[in-house]
Amino acid sequence: MNTTDAIVSVEQVTRRFPLDHSAVTALDGLSFAIDRGEFLAISGPSGSGKSTLLNLIGCIDKPTSGRILIEGTDTSRITPSQTSVLRREKIGFVFQTFNLIPVFTAAENVEYPLLIQGLSNSERRRRVSDALANVGLSPRANHRPDLLSGGERQRVAIARAIVHRPALVLADEPTANLDTRNATQLIDLMRDLNRSLGLTFIFSTHDQRLLEHTPRIVRLTDGRIESDTLSEISSHAQVFAASVS
Amino acid sequence: MLKFLQLAFRNVFRNRRRTIMTLLMVGGGVAGLLLVGGFFAFMFRGLRESTIRNGLGHIQIFNAEHFRRDEVHVLDTGISDWQHVASNVRSADHVRGVAPRIEFYGMLSNGVKSSVFMGSAVDPDAERAMSFSPRLASGRDLAQSSSGEAEALVGTGVARSMSVKVGDGLTILAVTADGALNGIDVQIVGIANTGFKDLDDRYLRITLPSAQRLLQSDRVTNLVVGLDKTENTDAVTAALIPRLRGLSQEMTMKKWIDLAAYYKQVRTLFSGIFLFLGIIVFFMVLMASVNTLLMAMMERTREIGTMLAMGTPRPWIVTLFMLEATITGILGAAVGLIGGNLIGIALNASGLHLPPPPGLSTEMAFRVLHVPALMIGSSVMVVVSLALASILPAVRASRLQIAEALAHV
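Protein chains in written order, with our numbering: chain F, 1 to 245; chain D, 1001 to 1409.
There could be a bad hint or two in this list.
To be verified - The calculated lysine to aspartate or glutamate pairs, modelled on DMTMM-like cross-linking and capped at a C-alpha distance of 20 Å, are:
| id | chain 1 | residue 1 | chain 2 | residue 2 |
| --- | --- | --- | --- | --- |
| 1 | D | K1003 | F | E123 |
| 2 | F | K62 | D | E1404 |
| 3 | D | K1229 | D | D1258 |
| 4 | D | K1264 | D | E1231 |
Hint data in this document are derived by calculation from the structure and do not stem from the laboratory.
Since we're looking at a predicted model, the values are computed, not measured.
Turn these sequences into a full structure, and let the hints steer you where they fit.
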């Protein structure tokens, strides 16, 4: 993989967690790069290190050794407040359990990343409206999460992840809590956003339905890359990625 | 910021039952302080006014010598030209009246039994003009001038120990201003109840002319000044200073608070009790709130992790928790203010009375004053205690490891 256009570069990354008097190695010397506009799945069995890798790319954890570059910034060399700014501006998160703020409406949840960026009221309103339209939830804007279905909640989470126009959207098992119909709709939505907005999506999954739509799959086993494969549909993504870059 | 405030406000009501319990606890603390403090304030005011109206007055004017040396004979250090001094004082603003007094002591006798008394000679009309009338258990107050025998009021304790009643006669014996022994006969026209048992056991009140005849002097011990309002005491004292200069005798003034030793003792004691109560409420609110806020933090661990993952600055998390606690404090204070005042109104309307406290001989009315300073003070106290209580949970929340917080179940 050519790393010159890489939005994410993972270089010799190892992550060990202390356990009693020993340590568990969750990731062991991983190296790969992700280009702008890619739609990439990190797959593998439970305990293979998928979530750990996503946490490291999302700058919510630090590698024990090695380094991760986001748009050329070495995330291991920046201060906690700079890391916070990086996450706020460059990364959007989608969680397996949606993680919406329950006391906020759908629109307010989507607005939150803009709020912490300090955008003006009118700009926030405009962007929230666009983001909700992108995920097809404009009519449900004023509903609180407990009044939304699982699929709708996850779409709100996606709108929240893209509303501040991040360079990267990280999704941890985004379809794990959805039925087949909602999962399929969500996969289509993510793929559409990837294509139409040129957003880079990195997600962990072992959902075959999602993997079927994924042009590039990095398979992990015991913290190591077992395979890094491009499927037939990847050629379209590569064409698009080239046009975006 | 408004949105953030909105988030804090909604978070307060996320768990309604717990919030209601917290508000009741905080409100209960405020209401308790208002009721106890309001009752103490009523008690202080009642004690202050009864102390003043029982004869202390708002200001007393003395010959300055009175405080410099002990008297060899009665009225040695009295005021000689007291009518002139009284007329100077009477013309000042807020002065309702000026009453000359003679304080003296001696023996009482009913022909069978004798008793020591502490006497006070007064000008009954001047006293009445200032509402300084004694509280009577029976009979009537002294008359200004009586054609017949000299009149006297005695305390309930004196009447009991001497076995006398209204209409009976007594002989008063005292040492005159010249050091000789003198006596006059008086007729009891009323039995007074000062509210203080020790005083009632020694209380005697006669008219000024009777005392001057007994003591063979036209001097008075002091002039008692009555004002329209107790709150004007300081202002009038300052205004009287120039009026008392250049007289034949050097004069000095004492405010009621300087002379009311018992009032000051009671106030100090009850202020200490109230402070202790306030500290208990403060720590009660603090501890219970820390527990509640820590529970809220635990329940929202994943949500806080999500907010931090999205790039929320950690100080924002601290601010959010402190805002929530402050809102809870303000709402709790509001509940307490409303509840405390309503209970106070209900108690005042109920006409409750308390048994006589130690040293007093009459029942005490139970009233709760609505004191603005107390309302502000207790409200600020609970808001501050809630804000302080939130520091630990807020800092803990802001220091959560994001990855661990997101994995929290």
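The hints, checked one at a time:
no., hint, verdict
1, D:K1003 <-> F:E123, "15 Å, holds"
2, F:K62 <-> D:E1404, "13 Å, holds"
3, D:K1229 <-> D:D1258, "17 Å, holds"
4, D:K1264 <-> D:E1231, "16 Å, holds"
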